[in-house]
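Quick note, the sequences are listed as chains A and B, same order. FYI, the numbering for the first sequence is 1 to 265, going by the working numbering. FYI, the numbering for the second sequence is 1 to 165, going by the working numbering.
Think of the hints as simulated: they come from the structure by calculation, not from any bench. Keep in mind the model is a prediction, meaning the values are calculated, not measured. We put the beta carbon where it would ideally sit given N, CA and C, even for glycine. Keep in mind that a hint or two might mislead.
[What the hints assert, rightly or not] Far from chain B by the CB rule (all over 12 Å, computed), these chain A residues:
#1 14
#2 21
#3 100
#4 139
#5 152
#6 230
#7 239
[What the hints assert, rightly or not] Only part of the chain B face toward chain A is listed, based on derived beta-carbon distances under 7 Å:
#8 49
#9 55
#10 57
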Amino acid sequence: MYAFTYERPKSVEEAVNLLKKSGEAKLLAGGQTLLPAMKLRLASPGTIVDLSKVAGLSGVKRDGNDIVIGAMTKHVDVMNSAEVQKSIPALAHLVSVLGDPAVRNRGTIGGSLANNDPSADYPAAVLALNATVQTNKRKIAADDFFKGLFETALAGDEIIEAVRFPVPEKAGYEKFRNPASRFALVGVFVAKGKDGARVAVTGAGESGVFRVKEMEAALGKDFSAKAIEGIKVPAKGMIADLHGTAEYRAHLIGVLARRALAAAK
Amino acid sequence: MSNVTVTVNGKSHTVDVAPETLLVELIREKLRLTGTHVGCDTSQCGACVVHVDGVAVKSCTMLAMTADGASVTTIEGLANGSALHPMQEAFREHHGLQCGFCTPGMIMSAVDIVNRKGSDLDEHTIRDELEGNICRCTGYHNIVKAVAAGAKAMKGGAKPARAAE
Ligand SMILES: Cc1cc2nc3c(=O)[nH]c(=O)nc-3n(C[C@H](O)[C@H](O)[C@H](O)COP(=O)(O)OP(=O)(O)OC[C@H]3O[C@@H](n4cnc5c(N)ncnc54)[C@H](O)[C@@H]3O)c2cc1C
Ligand code: FES
Ligand code: FES
């Protein structure tokens with residue numbers, strides 16, 4: 001790891017000023033992605049702005065028909081939240097199959113979304129549930145947030161403060177794990193909300209998480225595994241690597257979408 | 001360099017560290033508590049698991065600075081003098097180790113599992129929960145047996161690691 005300056009602000013405002021002051025600064029949340037990347041010298045920030053002491057960024061609360069999760073809320077706390085388990089059980093399930101216990105004890109929702117790994121779990125939930133990412137500057141709709149591999153709509157001095165999930169009527173998540181990394185080889189999140197059905201896929205797309213509009217149209221009429229039986233997702237644009245071909249991943253999307261629908265609650 | 005203050009196994013230490021110092025480096029190199037191992041250094045293997053404020057954390061994936069003010073328990077903090085902690089005893093009894101490299105992390109994770117899930121652990125739960133701990137030697141079979149037995153023994157009055165913090 002290269003040397004850096006360490007800062008531990010107490011407020012979002014102070015953190016933003018630190019980001020502005022040094023162009024080479026990076027936020028540190030749970031460190032479960034950033035620290036490994038720094039060790040591999042894939043990242044070499046000049047300044048680390050540790051968010052762990054910033055007040056008010058953690059916790060799950062219900063606000064009307066939404067569940068609002070603070071950016072620094074750890075994976076384990078989303079998994080164990082009675083509110084999440086009751087209102088969006090698919091989200092609690094998603095976190096329970098993310099990483100391992102020690103990773104869940106440190107990693108955060110804000111860090112996962114800002115990182116936008118093409119095989120990460122949370123992006124699928126945020127996109128399928130039509131969540132809103134709240135930053136210190138604005139509210140970003142899920143459809144506008146994810147911009148491609150490890151790319152998001154966030155500006156350099158923008159901090160995710162919370163994520164607002166509308167409570168769905170029904171939702172399900174099914175993941176085919178890469179047994180070595182535990183990330184999704186493919187993961188499919190299905191949700192039936194007040195504006196219809198949404199299907200989001202992680203792990204498969206060359207440009208990261210994406211929606212399957214053809215399935216959504218069919219599910220809008222009948223939210224069941226049967227409704228999408230005939231729908232095939234083309235292999236074009238799918239990730240191909242030593243873990244699976246593009247065709248294999250495309251095939252898995254159909255399989256996992258049907259399983260997610262069968263399990264949806 | 002900056003000061004961090006951490007309580008490790010009940011004892012407070014204030015140490016001068018560079019910002020890039022990892023918690024595991026603080027533990028091993030500054031405090032010379034070398035029971036905590038570094039297996040992969042890429043956050044995969046769990047050999048470096050310690051408890052920070054009562055929960056299992058990969059100490060190779062946390063900055064020492066972030067641990068400022070925290071209470072840390074390492075494998076050295078489990079035994080009561082020369083009497084092994086029941087989870088350590090169970091690993092010995094059930095031959096839950098061969099080379100022993102993964103063992104400190106396995107035991108810290110195992111104690112964390114008991115703290116979270118209680119003493120009655122079935123095989124499936126143990127295997128699932130040990131997902132972040134890799135062993136190159138044993139094939140896990142005896143580790144799983146050891147954790148199940150250690151968990152039961154912990155119920156028999158032995159105090160969980162958290163009580164030491
Ligand atoms: C062994 C292992 C297995 C894993 N398995 C999975 C898995 O199965 N599925 C999965 O989805 N993930 C997995 N992860 C990744 C894990 O979920 C990370 O915790 C997560 O991706 C990043 O969150 P973090 O809080 O650790 O962020 P950090 O590593 O601290 O930060 C990540 C990035 O986000 C930025 N950032 C952090 N917080 C904010 C914020 N509030 N606003 C703006 N930018 C911010 C940082 O600057 C950095 O660029 C795994 C990690 C490990 C080590
Ligand atoms: S050394 Fe920390 S996880 Fe392997
Ligand atoms: S006993 Fe050798 S690595 Fe587990």
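Tested hints:
no., hint, in the structure
1, 14, "16 Å, holds"
2, 21, "16 Å, holds"
3, 100, "3 Å, violated"
4, 139, "29 Å, holds"
5, 152, "22 Å, holds"
6, 230, "35 Å, holds"
7, 239, "21 Å, holds"
8, 49, "6 Å, holds"
9, 55, "5 Å, holds"
10, 57, "6 Å, holds"
Going down the numbered hints, you'll see the structure goes against just number 3.
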